[in-house]
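Visitor: Letter by letter, the chains look like this.
Number of protein chains: 4
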Amino acid sequence: MPHLPEHLLTGYRNFITGRYVAEADHYRSLAREGQAPETMIVACCDSRAAPEVIFNAGPGELFVLRNVANLVPPYAPDGEYHSTSAALEFAVQSLKVKNIVVMGHGRCGGIRAALDTNSAPLSPGDFIGKWMSLIAPAAEAVSASTMMTTGERQTALERISIRYSIANLRTFPCVKILEGKGKLTLHGAWFDISTGELWAMNNETGDFERPDVS
Amino acid sequence: MPHLPEHLLTGYRNFITGRYVAEADHYRSLAREGQAPETMIVACCDSRAAPEVIFNAGPGELFVLRNVANLVPPYAPDGEYHSTSAALEFAVQSLKVKNIVVMGHGRCGGIRAALDTNSAPLSPGDFIGKWMSLIAPAAEAVSASTMMTTGERQTALERISIRYSIANLRTFPCVKILEGKGKLTLHGAWFDISTGELWAMNNETGDFERPDVS
Amino acid sequence: MPHLPEHLLTGYRNFITGRYVAEADHYRSLAREGQAPETMIVACCDSRAAPEVIFNAGPGELFVLRNVANLVPPYAPDGEYHSTSAALEFAVQSLKVKNIVVMGHGRCGGIRAALDTNSAPLSPGDFIGKWMSLIAPAAEAVSASTMMTTGERQTALERISIRYSIANLRTFPCVKILEGKGKLTLHGAWFDISTGELWAMNNETGDFERPDVS
Amino acid sequence: MPHLPEHLLTGYRNFITGRYVAEADHYRSLAREGQAPETMIVACCDSRAAPEVIFNAGPGELFVLRNVANLVPPYAPDGEYHSTSAALEFAVQSLKVKNIVVMGHGRCGGIRAALDTNSAPLSPGDFIGKWMSLIAPAAEAVSASTMMTTGERQTALERISIRYSIANLRTFPCVKILEGKGKLTLHGAWFDISTGELWAMNNETGDFERPDVS
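Top line first, the protein sequences correspond to chains A, B, C and D.
Per this note's numbering, the first sequence starts with residue 1, numbered consecutively.
Per this note's numbering, the second sequence starts with residue 1001, numbered consecutively.
Per this note's numbering, the third sequence starts with residue 2001, numbered consecutively.
Per this note's numbering, the fourth sequence starts with residue 3001, numbered consecutively.
Incorrect hints may have been included.
Straight line, CA to CA, 20 Å or less: simulated DMTMM-like cross-link-like pairs of lysine to aspartate or glutamate [what the hints assert, rightly or not]:
#1 D/Lys-3183 <-> C/Glu-2006
#2 C/Lys-2176 <-> C/Glu-2038
#3 A/Lys-96 <-> A/Glu-179
#4 A/Lys-98 <-> B/Glu-1006
#5 D/Lys-3130 <-> C/Asp-2078
By construction, these hints were calculated from the structure, which means they are not laboratory data.
Using the sequences provided together with the hints, build the complete structure.
Guide: Right, here's the structure in full:
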């Protein structure tokens, strides 16, 4: 017997008898003609910040990479396999997306782990430790800002890491070139889980501000 | 001025004035108490196969890792950073999820790339090439099945790679141990973009069958 | 005393007092004017996949050849008697059918025997062995696909053998010529005994897909 | 696009929305546990004489071989492939059926061809000619009975060929042995397309008589 968690079967039943019915033709044509999303989103695995939900996205709209703390490591053509770089290469070179959005969010567990340098590794492999070490210098600097509250340091690092990932995106030659030609635009966004507010990065200043959506 | 692609702002407006209003309390409590998802999903970045859509999932329900072709590399505590292993460690050790579902889908571009051994790398870094080389032996074996159609080979490799990822999940000591104790269950699923059908893996045989959701 | 198995006498009683009454005129005219079926079906002997049941066919509708695994051997005008070729010749040349459908099905015992090369012959004559040896090359190739499950290999060979039989149909000059003139169409179909689903072959790709019958 | 003749799609729609619904559980268990028919029927391809219709048979009830004129060639373990012998071997040795019924019918085109010795071959391969030559001696003898009408000669040969096929069944060692042990019974039947009458062979005399089904 095939089996899936009951909550997934229930959810799927709602999808196939509800939303899918309305979008069946769209799904069929997306299957026939292939996907052509305009936008790639680099988001966090967090269960409270799904891009398709926050952006009310339909099938075919968003190419979504999700890892812990929505990090983009720097360009490293070292012959090793790199999950994030592979997704980026596929989105830019094969799908030719027009936008890449790095979306962080409040109360991010990965960012908290990066700031909490006293805690023991979660496992002998310490995979979270290694992964978050990508932003270790920033984490240390922020930890040193002792006059900021824990919450302020957390939000600060969440936003610094978004700018860090956007900077790393530019270390990929294809991204750099296409951005230069105006064929690709990079964006930063931050989602406040509590209030549902979306904050967008100002590309000139790097500040996060709330876009007017009224 | 902060800016985001117009289609995202439009989508966000729909979310914040629609779904969010109904779920505001839930978002607030999820922010206050933290996430506690029961299930982790390893899915593909494909814009046509978003887990939250297919499983009609609400905030806090699914911890979602998404990479190209929903692959789980084998356990490699080599001191390098590993995006997938980090997300897995966080889900299992910190969030203590009860289920991990590896969900593949039809017409997967990553799987197609793995079968198309004649094509040139997408970029000098050949990140997709390296990433998909994780299933190269299976891809070669399937490519040799010349009496199967291109579509049949594609579906075969999509399903073999799901079983491969589930096997790799078991190379992680924490997964192996918790599964042994009955505290963690591994599942395979495959989504047919064209028909919207969900196929679930039979854990005894490895075959994919459609669960009865009527 | 004439005798027949009791279940047949019971079934016949139901037919003659039920369905036959409604179709008596049709039977009489079919007897008077002879049969003129539009379609020939090459099906398996399997008791779970009767064409008249699956296609809800009335008298005179389907000319049905049934052998183990619905195989069509290649054209062989060697002066030997050939059951399949004789039926084919009669359907095409004498009845002038417009369609030939090769219909396979899931869990086919003949296909299973072709994949199970270790089992002993069923009898000294090894008639099943000889018969299934018609698709031995395909069976060997599929058996080599060790990363596929037993069920997946079975389904793969069931579908390959349908394409094989359709290819052999075209080795018959009369079929080749009439198909060229657009007077005869060849089709493939596969019946899933468990779900009752009918899958039809896409003549361009050879893939099997479910026709929309809603 | 997959395609099938329209009349088949219509018929299938009736099956899947009608009869299948009532028998779904039966189909599923037959798929799960395999077929175990009690009876094998050797019938003709004729579109007017489908065993499942005449015996109102349900799924799993009848293992059905159909060829032109429902002939069983004699046992010939010559290393060649033999469609009929393969089906017989499978039914007796693998499925262990309890009954084999050879069912002929009125107005059989194959029998007519056997009696019409002046007609040209249907094709250069003359497959019908070779196939019906199995009963050539009987056909010649019957043709010589010039005082019988054409219709009488046709019916006579239809019934002679049923007895001939039953005699050939006994040339198969496995059939001979199992019949001797009382584990297998052979039967003859003849269906009158015009009246819907079923005639059963008297195993002592070889005569065909109408069983009492009232």
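Visitor: Now look at each hint and say whether the structure bears it out.
Guide: Do the hints match the structure? See the list:
| no. | hint | result |
| --- | --- | --- |
| 1 | D/Lys-3183 <-> C/Glu-2006 | holds, 16 Å |
| 2 | C/Lys-2176 <-> C/Glu-2038 | holds, 18 Å |
| 3 | A/Lys-96 <-> A/Glu-179 | holds, 12 Å |
| 4 | A/Lys-98 <-> B/Glu-1006 | holds, 12 Å |
| 5 | D/Lys-3130 <-> C/Asp-2078 | holds, 10 Å |
Of the numbered hints given earlier, the model fails none.
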